[in-house]
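Whole structure, please, built from the sequences with the hints as guidance.
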Amino acid sequence: MFENWYAICNNSWLFDNSIKNELKILLLISSLCAEKGFCWAWNEYFSERFWETTENISRKIKKLEKFNYISCEYERNWNIISKRIIRLAIDKNITGHWQKNQSAIDKIIKENNININIINIIKDNIKDFLFLYEFIKENNKIDFIKDMKFVENWFDFLYMRNKKWKTYKPTEKAKKLSLWKLLNTSLENANKMLENSIENNWTWIFELKNNNFWKKVEVENYEKKDFLKWL
Numbered sequence: 001m002f003e004n005w006y007a008i009c010n011n012s013w014l015f016d017n018s019i020k021n022e023l024k025i026l027l028l029i030s031s032l033c034a035e036k037g038f039c040w041a042w043n044e045y046f047s048e049r050f051w052e053t054t055e056n057i058s059r060k061i062k063k064l065e066k067f068n069y070i071s072c073e074y075e076r077n078w079n080i081i082s083k084r085i086i087r088l089a090i091d092k093n094i095t096g097h098w099q100k101n102q103s104a105i106d107k108i109i110k111e112n113n114i115n116i117n118i119i120n121i122i123k124d125n126i127k128d129f130l131f132l133y134e135f136i137k138e139n140n141k142i143d144f145i146k147d148m149k150f151v152e153n154w155f156d157f158l159y160m161r162n163k164k165w166k167t168y169k170p171t172e173k174a175k176k177l178s179l180w181k182l183l184n185t186s187l188e189n190a191n192k193m194l195e196n197s198i199e200n201n202w203t204w205i206f207e208l209k210n211n212n213f214w215k216k217v218e219v220e221n222y223e224k225k226d227f228l229k230w231l
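Under the numbering used here, the residue at position 163 of the sequence shown is numbered 163, and the numbers go up by one with no gaps.
Treat the hints with care, since some could be wrong.
What the hints assert, rightly or not - Computed Cβ-Cβ distance ranges for the label pairs, DEER-style:
hint : residue 1 : residue 2 : range
1    : K141      : S31       : 47 to 55 Å
2    : K209      : D16       : 46 to 54 Å
3    : N77       : N189      : 19 to 27 Å
4    : R76       : K110      : 13 to 21 Å
5    : K149      : N56       : 34 to 42 Å
6    : S58       : L208      : 48 to 56 Å
7    : E52       : K173      : 23 to 31 Å
8    : T53       : W180      : 51 to 59 Å
9    : F67       : K163      : 18 to 26 Å
Please keep in mind that the hints were generated in silico from the structure rather than gathered at the bench.
None of these values were measured; they are calculated from a predicted model.
The C-beta atom is built at its ideal place from N, Cα and C for all residues, glycine as well.
Written out as structure tokens, the structure reads:
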């Protein structure tokens, strides 16, 4: 069963000799965190899979935490630890906007149980991610920010949009109009709408329609006559 799982490994993990003895545990933690962004495996769990004593596992977990590769939260029932939540820590090698907003991003990920692997998508789009999160939160559509496919599609759409219209950067109002249309449909349809715009190199978001001919006419007319007023 476990042989069929996979883990996302940052390159920095491979070349950090200080954790070469802990790398297997870190990779398994990455795999366990892939679905929800956290796991609550005990030392016995790792001990059984790596044939090591729980004492050795405990030392390795503490070392990974000390070196900022993971973070651990503990829930206590009186003086007894009843639960341990392990998360992958934010990549300490990311610089620029990420460092400035690290605490805010970390808080968003933890409070909303967002998959930690979303970092690989947003690390170069911190400002846009914070804008996206705030707008989605205001509209009570938090499931959209948890969907990595939607977040990735949104950034791909912005990239395509900026590349096509280099002279005109989308304003905050234009972004809100696009997001408002996406949030007022299902998550599945929102992803299809974004993918349609990216595939067809459209600079606007359109509702799904069966008649592709009229959709193309609507796109061309809208872009030529109406889109600039939102910039």
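Going down the list of hints, with the structure as the test:
no. : hint                    : in the structure
1   : K141 to S31: 47 to 55 Å : 29 Å, violated
2   : K209 to D16: 46 to 54 Å : 51 Å, holds
3   : N77 to N189: 19 to 27 Å : 45 Å, violated
4   : R76 to K110: 13 to 21 Å : 18 Å, holds
5   : K149 to N56: 34 to 42 Å : 39 Å, holds
6   : S58 to L208: 48 to 56 Å : 53 Å, holds
7   : E52 to K173: 23 to 31 Å : 57 Å, violated
8   : T53 to W180: 51 to 59 Å : 56 Å, holds
9   : F67 to K163: 18 to 26 Å : 39 Å, violated
Violated hints for the displayed structure, listed by number in ascending order: 1, 3, 7, 9.
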